[in-house]
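There are 4 protein chains.
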Amino acid sequence: MEPVWRYLIEWILTPYEAHMHGIRRVLYSGKTRYQQVDVVETYSFGKCLFLDGKLQSSEYDEYVYHEALVHPAMMTHPDPRRVLVIGGGEGATIREVLRYPSVERVVMVDLDKEVVDVCRRYMPEWSRGAFEDPRVELVIEEGRKFVRECGEEFDVVILDLTDPTPDSPSVYLYTREFYEMVKRRLGEEGVMVTQATSVRFSPKAFAMIRNTVAAVFPIARAYYTPVTSFLSLWGFVLGSLGRDPASINPDEIRSRLEKLTGELRYYDEVVHISMLHLPRYLRERLDEVREVATDENPAYMPP
Amino acid sequence: MEPVWRYLIEWILTPYEAHMHGIRRVLYSGKTRYQQVDVVETYSFGKCLFLDGKLQSSEYDEYVYHEALVHPAMMTHPDPRRVLVIGGGEGATIREVLRYPSVERVVMVDLDKEVVDVCRRYMPEWSRGAFEDPRVELVIEEGRKFVRECGEEFDVVILDLTDPTPDSPSVYLYTREFYEMVKRRLGEEGVMVTQATSVRFSPKAFAMIRNTVAAVFPIARAYYTPVTSFLSLWGFVLGSLGRDPASINPDEIRSRLEKLTGELRYYDEVVHISMLHLPRYLRERLDEVREVATDENPAYMPP
Amino acid sequence: MEPVWRYLIEWILTPYEAHMHGIRRVLYSGKTRYQQVDVVETYSFGKCLFLDGKLQSSEYDEYVYHEALVHPAMMTHPDPRRVLVIGGGEGATIREVLRYPSVERVVMVDLDKEVVDVCRRYMPEWSRGAFEDPRVELVIEEGRKFVRECGEEFDVVILDLTDPTPDSPSVYLYTREFYEMVKRRLGEEGVMVTQATSVRFSPKAFAMIRNTVAAVFPIARAYYTPVTSFLSLWGFVLGSLGRDPASINPDEIRSRLEKLTGELRYYDEVVHISMLHLPRYLRERLDEVREVATDENPAYMPP
Amino acid sequence: MEPVWRYLIEWILTPYEAHMHGIRRVLYSGKTRYQQVDVVETYSFGKCLFLDGKLQSSEYDEYVYHEALVHPAMMTHPDPRRVLVIGGGEGATIREVLRYPSVERVVMVDLDKEVVDVCRRYMPEWSRGAFEDPRVELVIEEGRKFVRECGEEFDVVILDLTDPTPDSPSVYLYTREFYEMVKRRLGEEGVMVTQATSVRFSPKAFAMIRNTVAAVFPIARAYYTPVTSFLSLWGFVLGSLGRDPASINPDEIRSRLEKLTGELRYYDEVVHISMLHLPRYLRERLDEVREVATDENPAYMPP
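Protein chains in written order, with the numbering used here: chain A, 8 to 310; chain B, 8 to 310; chain C, 8 to 310; chain D, 8 to 310.
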């Protein structure tokens with residue numbers, strides 16, 4: 008057994024709990040204009056991307072997170088052709104989107120070019136060529152600005168953002184004002200999905216995001232999935248102008264899955280239903296929260 | 008924010024990864040004849056029981072684990088009246104069993120009287136009076152010996168054991184020989200369920216337990232649920248002489264749940280189906296393993 | 008190798024550096040009226056006393072600290088008969104004082120009776136019967152109040168206090184006002200010594216204490232010694248109304264040492280000189296600080 | 008306060024005790040042919056070099072270690088002109104040697120060219136131009152091989168080696184056979200000094216090295232100094248063919264120090280005496296050990 012001494016310690020509600028990751032190798036460690044970026048090889052989760060000391064995704068289970076983020080929204084739209092992804096610097100979100108033969112155009116907007124470059128160079132297993140796909144346009148810009156100013160229409164908008172921690176600029180990509188901008192960019196039967204923080208560490212933020220999407224979209228669904236490397240059940244919220252993800256026929260999902268490029272490892276028609284079914288303790292926790300996130304009163308992930 | 012300095016560090020595949028628990032208060036710390044017992048109040052998971060440094064259950068989510076362990080088996084049996092629980096010193100397993108009005112007799116067999124006493128005294132939130140229920144008989148004995156020697160018949164047998172780590176005596180409560188003894192104690196339509204270690208840390212052990220139950224019982228089902236405080240999806244295996252848990256009518260589950268004493272927080276008819284549905288990556292991982300656990304070649308939880 | 012999972016993590020200038028102590032056994036863990044008290048058996052330093060998570064003394068090297076605290080002051084006084092100790096709940100400070108055959112009376116004043124009781128019960132190796140010595144009177148009282156109100160005269164006053172961290176009441180036992188009270192209690196050729204925090208973590212506090220003693224006493228000497236379990240060189244300051252510790256004849260020290268009860272393990276006439284000799288880097292660090300600690304502007308140990 | 012999440016954890020007698028170093032910046036992290044090299048900026052000790060996870064020297068107190076290693080030997084020789092340094096990749100050992108105006112030639116022999124290059128590039132504060140001094144010759148070679156094969160004569164030989172941990176090749180640079188080779192390279196009044204591991208973690212190794220030097224040299228002296236960043240008192244052993252370091256006149260030291268290039272921060276004539284004076288507890292600990300280290304039975308630093 009090789010000795011271990013380099014660790015990334017992810018503090019959870021500092022300093023009460025932590026996840027210690029033994030580091031086998033440092034692939035990249037540097038500061039971009041926006042954040043500290045570390046790409047390391049851990050013993051337990053393989054290659055990992057940390058931004059400001061917080062695990063963003065791991066070789067071990069990035070597919071759980073990315074499949075859970077992308078496919079419910081794509082399946083909710085009957086025929087997704089134009090997709091906008093905000094964030095998702097690793098390139099795994101667009102990788103999942105590109106599996107759909109119907110997709111003609113993907114615009115990916117990320118603030119931090121250096122993170123995207125580091126991911127392309129040191130974590131090619133995430134994007135697997137997605138950045139080179141001719142359907143993809145990469146835009147380096149602040150996501151809210153892009154949505155506000157772009158005149159284009161999309162079928163699906165996927166918000167793969169960093170968590171709305173108190174100092175983060177992403178706080179304003181989880182508000183009613185922003186979701187209204189997104190809605191204006193959606194075509195008929197358009198669908199939006201956002202990662203919605205941790206069910207465990209920030210149930211209030213998760214609930215507020217759900218409430219906020221529900222205040223803007225006729226149909227809103229909170230769902231969740233366990234992401235082991237995040238130490239938590241992870242939340243997502245989907246808003247739809249057309250179909251309800253909870254009433255899609257499992258046979259439709261099965262049949263569309265068969266036509267995708269490559270094979271999924273996690274998501275399928277049963278997982279689809281499971282994710283949307285919040286057990287009683289989660290429903291109760293969410294229902295305690297009535298607030299809607301606005302630019303004046305945003306949702307924050309503690310601490 | 009109160010300063011923290013006392014920690015329980017749960018090493019996962021030592022020393023590559025760890026879960027650091029900040030300790031607010033030590034309620035009990037001592038050595039029994041069999042193991043080191045710590046009952047502590049953590050900041051993140053509330054009161055917790057650690058045996059030999061491994062978290063057994065936490066106030067935060069013990070109900071997820073215990074409901075997932077108990078109810079699928081109880082629901083698989085059409086009319087459970089006599090229940091045997093091996094292990095489960097905290098008293099939460101029998102608490103869940105006692106919710107069923109049909110239950111007439113529960114025998115709980117635990118090796119370590121001191122652990123049971125510590126749990127009754129320092130963790131009454133777990134058992135909530137279950138030990139005082141007149142239907143319960145507590146037997147302090149080695150579980151395998153009890154099963155081998157007792158002449159009684161049970162409807163449901165629940166194995167709430169410590170993990171089969173290399174030095175643990177519980178290794179021999181996960182073998183074909185033992186499951187055959189259990190089977191002989193079951194009545195018609197009898198059901199057995201065992202915790203089956205971590206899907207993440209010990210997928211091989213999980214798979215071997217599934218294979219072993221399948222070698223002994225006509226119907227065997229592996230299922231899983233996320234247990235956040237265990238940092239993992241947790242595995243269970245159910246063996247049945249009668250019904251298949253995967254084909255129970257959701258309406259039956261709903262209607263039986265309504266008649267239970269108290270309300271569940273996690274398990275319901277949709278959760279029942281979700282737990283039994285292993286996603287593709289899990290099915291693949293399990294299907295790689297062909298071995299059956301025997302007394303000669305047991306399943307071990309690494310390391 | 009026994010597995011380790013219980014740790015006391017001493018944060019040094021939280022959270023930038025820490026000393027992790029693996030715990031073999033918890034002997035006592037509880038909260039007194041004033042502080043959190045943990046007596047534990049560590050793997051590296053044997054039995055240890057922690058107050059509010061900070062190591063106070065360890066079986067491994069408590070004698071280094073206590074001999075360094077007590078003997079330079081006792082040797083500086085030509086004939087110490089009446090000794091006052093403030094703090095020192097472990098009983099090791101009075102143990103060292105009682106070695107001198109000339110000592111007739113020792114008053115030990117400690118604020119926290121419960122700590123003294125815990126030490127007597129769980130750490131008898133420290134006091135080795137000192138509390139039972141008929142020359143000792145134990146007074147449970149706030150030290151500054153005792154010094155202000157007592158009418159008694161002492162030859163040597165030893166301040167074995169907790170560090171002056173920002174919230175600690177001991178802050179006011181490191182000020183000019185307090186040292187003036189102490190001086191009034193001293194007889195001719197009287198000597199006072201105080202622990203003076205870490206040379207490494209709080210050089211400013213060490214320097215201020217030195218300046219403060221120098222503002223009150225005609226002779227003031229800062230000295231230091233490495234205390235391994237404290238991760239630091241440790242500082243002390245001695246104030247004298249009579250002799251200068253730096254000019255005591257080594258032969259006098261040697262000859263007085265021979266008459267002590269029991270044998271010292273660390274202090275001798277060469278150590279006496281070494282401790283008083285601050286190397287250049289220490290002298291420079293101290294000389295940068297000009298401030299004197301007063302009740303209005305006390306010395307604090309960071310953070 | 009900037010959040011911290013990257014740590015180097017130095018395990019001391021793994022896993023019983025550790026020193027956690029918060030990392031502000033990773034300057035270099037890579038594997039040479041021989042070892043893992045990390046140059047990091049810590050919060051508490053500034054820039055640090057770690058080899059295989061073990062701190063080699065820190066900006067905070069490298070001068071304490073290097074002055075303690077170099078000057079007692081240089082002062083013991085009456086007129087050091089030719090100096091051999093084995094190890095010392097940081098370049099601080101030769102920096103101290105070059106302060107002596109009498110020095111005409113310094114041969115530095117290090118096994119690992121990549122470490123030397125990393126130190127020159129990322130840690131120029133250590134060598135401060137020493138590698139560029141025309142008196143210095145850098146030889147990349149195994150130290151024992153160099154000493155065995157070189158025909159040159161030296162006045163002082165300084166062994167600045169990594170610790171003799173069980174798998175380390177440096178084990179054979181702490182044996183009688185090796186010291187005899189060194190002795191053959193020394194001129195009249197020649198002096199050899201070696202770092203001699205930790206007084207705390209490996210007192211047996213320290214004692215064996217002392218015994219071994221004493222078996223080869225007419226005069227042998229063990230000495231020590233606290234090195235805070237090493238969490239320990241650190242040991243050294245000096246062997247001399249001529250003068251005894253314990254009987255050098257303090258005035259001679261003082262006067263030679265005045266002629267050195269630059270100013271020392273730690274070593275002076277009083278420190279010289281203090282370092283050579285082992286307190287009783289250390290003498291006792293050393294005197295328990297009778298063994299001499301040989302190629303067949305080397306001294307090891309645990310574990």
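In short, the hints are calculated from the structure, not lab data. Watch out, some of these pointers could steer you wrong.
Copies of the same chain are indistinguishable here, so a pair counts whether it falls within one copy or spans any two.
[Claimed, not checked] Listed below are the simulated BS3-like cross-link pairs for lysine-lysine, each with C-alpha atoms no more than 27 Å apart in a straight line:
#1 K38 / K54
#2 K152 / K61
#3 K211 / K54
#4 K38 / K152
#5 K266 / K61
#6 K190 / K211
Now the hints, each set against the structure:
| no. | hint | in the structure |
| --- | --- | --- |
| 1 | K38 / K54 | both (19 Å within a copy, 18 Å between copies) |
| 2 | K152 / K61 | within (25 Å within a copy, 48 Å between copies) |
| 3 | K211 / K54 | between (31 Å within a copy, 22 Å between copies) |
| 4 | K38 / K152 | within (24 Å within a copy, 44 Å between copies) |
| 5 | K266 / K61 | neither (35 Å within a copy, 45 Å between copies) |
| 6 | K190 / K211 | within (23 Å within a copy, 47 Å between copies) |
This entry does not satisfy hint 5, going by the numbered hints stated previously; all others are met.
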